[in-house]
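Undergrad: One letter stands for each residue in the lines below.
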Amino acid sequence: MSALTFTLKQETAQRVDMSPLVCQLLKDVSIDDIAAIELQNGKRKIPVSELFDISGADTQNIVIKNSFAKLDFIAKDLQDGSITVEGEAGAYLAMGMKSGTVTVNGDVGLYAACEMKNGLLTIQGNAGDFLGAALPGNKQGMKGGTVLVKGNVGQRVGDHMRRGTMLIEGCAGDYCGSRMIAGTIAVMGATGRFLGYAMQRGTILLWRQPKLSATFNDCGTHTLAFLPILFKSFRKFDSKFAAQAIAFNRVQRYGGDMAEKGRAEILVKLPSAGQNDSAFSAESFH
Amino acid sequence: MLIKLTGGTVYDPASGIDGQVQTLYVQDGRFVKPPAEGVKIDKEYDLKDKVVMSGAIDMHTHIGGGKGNIARMLIPEDHRKDPVHRSDITRSGCGHAMPSTFTTGYRYAEMGYTAGFEPALLPINARQAHMEMADIPILDKGGYVMLGSDDYLLRMLTAKKDQKAINDYVAWTMNAAKAIGVKVVNPGGINAFKFNQRQLDLDEKNSHYQVTPREILQVLATAVKEIGVKHPLHVHGCNLGVPGNVETTLNTMQGIGGLPMHLTHIQFHSYGTEGDFKFSSGGAAIAEAINKHKNITADVGQILFGQTITASGDNMRQHANHGFANPNKWVCMDIECDAGCGVVPFKYRDQNFVNALQWAIGLEIFLLVDDPWRIFLTTDHPNGAPFTTYPHLIRLLMDKSFRNDMLATIHPEAQKMTTLASIDREYSLQEIAILTRAGAAKLVGLEDRGSLAEGAWADITVYTEDADREKMFEKPDYVFKDGELVVVDGKVVHTKWGTTHIVRPDWDISVEKDLQKYFDRFMTMKVGNFKISDDEITEDGRGSLTVHGLNHVT
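Here the protein sequences line up with chains U and D, keeping their order.
In this text, residue positions in the first sequence follow my numbering: the first is 21, and each later residue adds one.
In this text, residue positions in the second sequence follow my numbering: the first is 18, and each later residue adds one.
Misleading hints may appear alongside valid ones.
With a straight-line Cα cutoff of 25 Å, these simulated DMTMM-like cross-link-like pairs (lysine to aspartate or glutamate) come out [as the list claims (entries may be wrong)]:
#1 Lys63/U to Asp494/D
#2 Lys98/D to Glu58/U
#3 Lys90/U to Asp388/D
#4 Lys346/D to Asp149/U
#5 Lys417/D to Glu464/D
#6 Lys60/D to Asp494/D
#7 Lys63/U to Asp105/D
#8 Lys98/D to Glu280/U
#9 Lys346/D to Glu58/U
Quick caveat, the hints were computed from the structure, so don't treat them as lab data.
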């Protein structure tokens, strides 16, 4: 059975709420009924068939083609199944996702992986601000699962993040890991200002020396036995993080944010003797 | 337009009509005499076998003012769960614990309510509160101006100013803030909080002003009586939520010396300290005291289980309770020289001993107070529960077996600590009409409201009799506001704007001399700007003012 494929006919002026088109809601629904589902488009409601050409039949394997940056709430609350987006995705991608896999070929908007609970989200392009964050006013952001971003990410990555792993091959904007409760964020590229702002617990893993606030204390150099195990767990991903060459166990450890609980750590890779670091120099990210 | 409402079963306690079949006529917004033979009836509604009451009045509901907006900002997750879409005649918004202004109006009307009174109209924020209430469609509204922790009054008391000067200040403030009553919240306690006192009992002195809550209650209750305001002093007492506060509340009732006084959300002030958990019901003692003291009225402030948010001027008590915030976020703030504000989200749980007993205490008070004219149906929206739970609450009062079924599901220790199961009383429809209509109109001092008599404004609710009272009261067949049909089958079909109810007690113009100096010295606002003019309420073309009469002042 081939994947259920929605091919966008043409871009709309207003944003589209894609939340009805997820695997668990389409299970055992006929193609005709799917075509008749109404999507909120700005203040109008339009049937799926008006927006997309529909082909294929496997509702547990959805492909969205010609996607563009105004398709919001793709894979919202996704429970099992897989969704592949060819093109860009709008805001709130994989918000509240419970399980399954989501892959986006292009860039994604604000609040991707917002309050995500589990599963795997892969973003080939860049992600906007508030990746894996909590909705405004909410107390807990991403609560589990893995987010893999091959490009750069915006500001406030992992704001209020509670659990889970965020792997960022590119650079992160300001306030990376702000108000983080727990979890792991790994950033290969550069990080912006106010890293770990008001962070309570959790780990930020870095390959490059960040600019740290005064409320983070230098705890010295460490050899951490858990790091090789952590890196080994990344092997299964199609990512730079899977490469053996990027693994390390010698770090400079910083504790903070002392303006908060202060039980979080920022681990920065120490250049070890004889190791060639050039593969991860700044050039590879720009 | 002449409307005929034919053959409904009418419950109009204000006119002493208890379930008689009557035909009512409405013209130009008011009830009129049956017209002469041959006069053309423009519209007739057949109300055979329907229950007809006047529009309900919520005499204590937090629907305007800064704390409401803080509450809205604090719980966006609650709004997200209850979005309200626009329709051709209604506007979009959001609902649940602290709904948007428009949704507040629609949802009240859809339950048959046609008026709501904001009990914490801070003088300095009164303009904002009125503007916010101006955005509540359909409902009539009004507010009780909050005094008692304002520095000006406390300075007057410290300086031993005479009662006349205080009367003038109270009357002046009521006029300036466009109020229909006076409320006092934790008398002097909000101010004492600013001087680092974290509790203040009835006879405990404010460490700065050396004034006790009892003195404040005494002078304000006297002032309200002497300037002729019909709504008695509206009192949110000391020690809200503190185990053992039943003593304070009884003491407050006795200590007022026969002056009219309304004790609000009294459920929160009826706690004893007995039992294994040092928390017990004072419901019976409170009800007995209310039965005995005819000068006392009370509304219950029933809690109902579920998520809500508590918003109060009582920042002393809100600060003390912030540890219970659920979700864990809260706000306490000072409001310049006037009072304070505390907003704490709360989830009342039936398996929590304290919450379960609070639920039972509220119901005990409802059922043990004999005189339905002196007890009022409130949840202190949104503090005990959102107002949308009223139909459920009415069913609890009217249906003993339902009540006992619910009682059987709460925390077992709480069941042992309440006498609720042994109370047989069931409210009648007439009594519900008193609690929510006639009694409330009388208490607030509304003329020509809460009644179906000739000459009264035609605020009407029509229900279909149903043994399940919750179903009956949550979906009226028709609601009329000022003679216009606004709700059919529990859905808004037409919107209009209600009026703002106020009183205008007299005051001596010389009071402004001192106030002018005080404002110039301490306040961020000039005294001229502090006073709300009539135009501010009416100039947008949809607001209006209805001035009610005063008691004859001797």
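Undergrad: Hint by hint, say whether it matches the structure.
TA: Results for each hint:
{"no.": "1", "hint": "Lys63/U to Asp494/D", "result": "31 Å, violated"}
{"no.": "2", "hint": "Lys98/D to Glu58/U", "result": "20 Å, holds"}
{"no.": "3", "hint": "Lys90/U to Asp388/D", "result": "61 Å, violated"}
{"no.": "4", "hint": "Lys346/D to Asp149/U", "result": "24 Å, holds"}
{"no.": "5", "hint": "Lys417/D to Glu464/D", "result": "34 Å, violated"}
{"no.": "6", "hint": "Lys60/D to Asp494/D", "result": "16 Å, holds"}
{"no.": "7", "hint": "Lys63/U to Asp105/D", "result": "13 Å, holds"}
{"no.": "8", "hint": "Lys98/D to Glu280/U", "result": "31 Å, violated"}
{"no.": "9", "hint": "Lys346/D to Glu58/U", "result": "37 Å, violated"}
The structure shown violates the earlier hints numbered 1, 3, 5, 8, 9.
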